[in-house]
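Asker: Dock chain A against chain H, hints included.
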Amino acid sequence: MIGAVELGLIYGVMALGVYLTFRVLQFPDLTVDGSFTTGAAVAAAMITAGQSPVVATLAAAGAGLVAGIVTGLLHTKGRIDGLLAGILTMIALWSVNLRIMGGANVPLLREETLMTPLRDAGLLGRTWFGTLIFFVAVIILKLIVDWFLTTDLGLAIQATGNNKQMIGSLGANTDGTTILTLALSNGLVGLCGALVAQYQGFADISMGIGLILVGLASVILGQAVLGQRFIFLASLAVVVGAVIYRIIIFVALQVGLDPNDMKLITAALVVVALLLPRWGFLKRVPSWRDMRGGRARVPETKGA
Amino acid sequence: MLAMDGVSKTFFPGSVNERRALEDVNLQLDTGDFVTVIGSNGAGKSTLLNAIAGRIPVDAGRIDIDGTKVNRFKEHRRATFVGRVFQDPMAGTAPDLTIEQNLSLALLRGRRRGLARGVTKKRRARFVEELRALELGLEHRLKAKVGLLSGGQRQALSLLMAGFTHPRVLLLDEHTAALDPQRAALVTTLTGRIVEQGGLTTLMVTHNMQQALDLGNRLIMMHEGCIVFSADEKQKKTLTVEALMSEFGKIKGATFDDRAVLG
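If you read the sequences in order, they're chains H and A.
Start counting the first sequence at 19; every next residue gets the next number (the numbering used here).
Start counting the second sequence at 1246; every next residue gets the next number (the numbering used here).
Okay, chain H solo, but in the shape it has when bound (with noise of 0.2 Å):
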């Protein structure tokens, strides 16, 4: 039960990454699937090449970065319809992943990871305390995001997934927001897949796989409990949706479940999470339609 609560929490930065992009910006990027696994590649093969962990870790968070921008560009400049751009860097970065990684797994026994004081200090899956060290680190890494969204850059990341048409005539470059977004979100994407490469113990070529899943799932979850009407909350809920949907897995095992079940397991989640509040339960939860019901979006105007 504590492993499952520390791997949410870890979880909750990939769910600040994807609420980044799916509330935020309005845009399903589904490079996670792919810059997720780069981060865990980028992290692994530093370590065990001798780099110290901080630094591995880092430059994972930089590699996700660069991935998210190939996506923007894709989107921005070469006009591709957002879901395809994000599908395209996925793919391509599977290819990618393997090079860095030089294998399908690159195992991290004995090395020393950021985990290690933890796991020396057998604080790691066994005491609340150490959880509350992840919880306290997620927490700061939540507020540096609710502080970004509300400075001048932030109001105009949100505005450009709110009512795009409006923030261009007021002199924003859509394109560079956009781009920007993905950049930051893939960022906080690769820095969890080097920490849960990290947690776990070995970087995996398909970790990554049906990730974007378990995000929405986060993100859709938490929202259903916490709401979103503050960018506070709405941070907040991620985080907590992210431990909540750790749970339900840890519970599906428990009671006999095959780990490899697991993905059929999160997208019936994903869909129940949307379909309920359609049914009139958890009435907490209009965004997603709002979404799509055009509250939120602006026609394009007409020519002449």
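Be aware that one or more of the hints could be misleading.
[Unchecked claim] A short, non-exhaustive set of chain A residues, derived as facing chain H with CB atoms under 10 Å:
#1 1350
#2 1355
#3 1370
For the record, the hints were derived by calculation from the structure and aren't laboratory data.
In this text the structure is predicted, and so the values were computed from the model without any measurement.
Ideal placement from N, C-alpha and C gives every residue a C-beta, glycine not left out.
Answerer: Only chain A this time, still in chain H's reference frame:
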């Protein structure tokens, strides 16, 4: 302040859908000029505004704002000079952001947006002052999301956001057309006040003849991509809706006659 010289724009050139939206348009606006633009649907009014705002590139001619040729400037760069209000009341504001956040976004029109706090005490004080002038009570609702406001309130806010940073040129594209008569009258009054107080150089497209006469010091009429009628300050004062309608009829009749002859 604004100068258009021989500006032309053709949509879908060379295809069956080819449409000449602007044909050799020449237009000069001095600082503080407020020109109302009328014309039937498809006359090229919106294209004219879109060309100035940089939303669409023009095929020929040059556009100068404040002595700078802006043809090559993209929309977001031209926004430094150009403020806009759209027909759709939903288009000019971000619904999920608060009133003060929207105003902050507008305050930085065309400037660099960095990591400074978006809504500061100082800015908030200014917003209260600006909003009070609208007399809609919005100064008490700074933290309300704009999506909660009515169409009229949103359009008034859009107008404030477009005008309060004193853009070189203000473009109003049928900005009262989607409002009920009462709200439209309110926004019309506000338009007159904001433009006058700011001394803004303004171009306003409208379908409402009375509004076109009530506001502004000059008037132009467009038809099939050309400016076919233009009234200066003195002429505009003597114009009536009837006179405009007959002018309108004459132009339509003339094109009809030409076609009849050619056909």
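Asker: Indicate, hint by hint, whether the structure satisfies it.
Answerer: These are the hints, each one checked on the structure:
Interface hint at residue 1350 (chain A): satisfied, since its Cβ lies 6 Å from the closest Cβ of chain H, which is below the 10 Å cut-off. With its C-beta approaching chain H no nearer than about 4 Å, residue 1355 (chain A) sits inside the 10 Å limit, and its interface hint holds. Of the supplied interface hints, the one on residue 1370 (chain A) is violated, with its beta-carbon coming no nearer than about 17 Å to a beta-carbon of chain H, more than 10 Å.
In the structure shown, a violation is registered for the earlier hint numbered 3 alone.
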